[in-house]
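Two chains, each in its own frame: build the complex with the hints.
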Amino acid sequence: ETGVTQSPTHLIKTRGQQVTLRCSSQSGHNTVSWYQQALGQGPQFIFQYYREEENGRGNFPPRFSGLQFPNYSSELNVNALELDDSALYLCASSLNQGALETQYFGPGTRLLVL
Amino acid sequence: GDSVTQMEGPVTLSEEAFLTINCTYTATGYPSLFWYVQYPGEGLQLLLKATKADDKGSNKGFEATYRKETTSFHLEKGSVQVSDSAVYFCALSDNYGQNFVFGPGTRLSVLP
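These protein sequences, in sequence, are chains A and B.
All you need for our numbering is the position in the first sequence, starting with 1, plus 38.
All you need for our numbering is the position in the second sequence, starting with 1, plus 751.
Computed footprint of chain A on chain B, listed as stretches where at least three residues anywhere in the stretch have a Cβ under 8 angstroms from a Cβ of chain A:
#1 795–801
#2 838–851
So the derived list for chain A, only partly shown, Cβ under 10 angstroms to chain B, looks like this:
#3 Gly41
#4 Val42
#5 Thr69
#6 Ser71
#7 Gly80
#8 Pro81
#9 Gln82
#10 Gly94
#11 Leu128
#12 Asn134
#13 Gln135
#14 Pro145
Hint data in this document are derived by calculation from the structure and do not stem from the laboratory.
Quick caveat: nothing in here was measured; it's all calculated off a predicted structure.
By construction, the Cβ of each residue, glycine as well, lies at the ideal position given by its N, Cα and C atoms.
Next up, chain B with everything else stripped away, as it sits in the complex (with noise of 0.2 angstroms):
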C-alpha cells in the first residue's frame, strides 16, 4: 500500500538557519503531495502542497518540490525563526481524495 516516511526527529536549529525535512513516498498512481504544520497547542493545518511531478509549493517560506523520479517532496526553508517550532508531517492522497497517508511527523526546535 501507499506509505510516506520522513526523517526521524527531533531535529534542533538555531534561529536563522537553514531547514531540510526529507520525505519520500510510496504509491501507485500519481499522488498529490502535502506538507502538514502542527504548532504547540494547536490544530494541524495544511502548509503547502503539490499535485503533479515538478510542482513547487511555497507558504510561509517554505518550500516542497515534487520529485517523481526520486519519490521525494523535501520541505525546505532558507532561514527558520523560532516561531517555526512545530511538528510536520508529509502525507499524500490518491487522485480522488479517498485515502490519505501521514507520515510519523517530524518535530523542529528552533533555539533563539
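Next comes chain A alone, as it looks inside the complex (with noise of 0.2 angstroms):
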C-alpha cells in the first residue's frame, strides 16, 4: 500500500509568482487535507477536499486555492507569492470525510519565497 505522496520536495520562487503542490492520496482515500507549517510552529489547516469538493476552509485568502482529481489526488495553486508563503506544506489523506477518520500525511513540500 503507497503511502502519501508530495510533489515537489523542495521549491524556490520569488515574491509574486505562482506556485503549484501536488499530492497522491493513500490508496482508496477521497478526502485530502492540505495545511501551511510555518517553522517551529503547528501544521495550519488550509482547506479539505472530499469527492472533488471543497470540504472546508480554514482562514486563508483566495489566492490558495485547490483541485481534487477523480483519482482523488490533489494539487494546492499559490498566487501573487509572499514571503510569508514559505512553509512547508503538509497534504493529508484520510479513508473518509468526517472528525473519527484518521489522516495519514505525506512528508511535505518545503517552499522558500525569496
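Shown next, in the form of C-alpha cells:
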C-alpha cells in the first residue's frame, strides 16, 4: 500500500509568482486536506477536499486554491506569492470525511519565497 | 475561533521518567481531540484521539483523557524511552472534520 506522496520536495520561488503543489492520496482515500506549517509552529489548516469538492476551509485568502481529481489526487495553487508563504506544505488523506477518520500525512513540500 | 494551547518546550527528561505535556483548547460545540507526533526526519503521525468527554485515548503507552470541564487533553506516559524523542502536537477538529486546529507543538528530548 503506497502512502501519501507529495511533489516537489523543495521549491524556490520569487515574490509575485504562482506555485502548484501536488499530492497523491493513499490508496482508497477520498478526502485530502492541506496544511501550512511555518518553521517552529504547528500546521495550519488551509482546506479540505472530499470527492472533488471543497469541504471546509481555514483562514486563508482566496489566492490559496485547490483541486481534487477523479483519482482523488490533489493540487494546491498559490497565486501572487508573498514572503510569508515560505513554509512546509503538508497534505493529508483520509478514507472518508469526518472527525473520526484518521489522517495520514505526506512528507511535505518545503517552499521558499524570495 | 477555535484554538489549542500547549506547554512550551523543549522538555528534556531522563529515560524512565514520567511525562506530562499539557494541552488546553477553546472551541464551540464538542470537538474531537488528537495528539500527533513527528519523529525526527518523519512525517506527522496520529498518536491517539478521543471524540467525546471522558473518553481516554491510548497508544504506545501514551494516554490522554478528554476533560470537558477543564477543556484539557493532557498527554501522559509513565516511563519514557529515548525513542519517544519527537515533537508532539495537540489538535482538535469540529464535529464534521472540516476544520482542524493544531497547537504549536512541544519538543521532547529523552536522554539515556
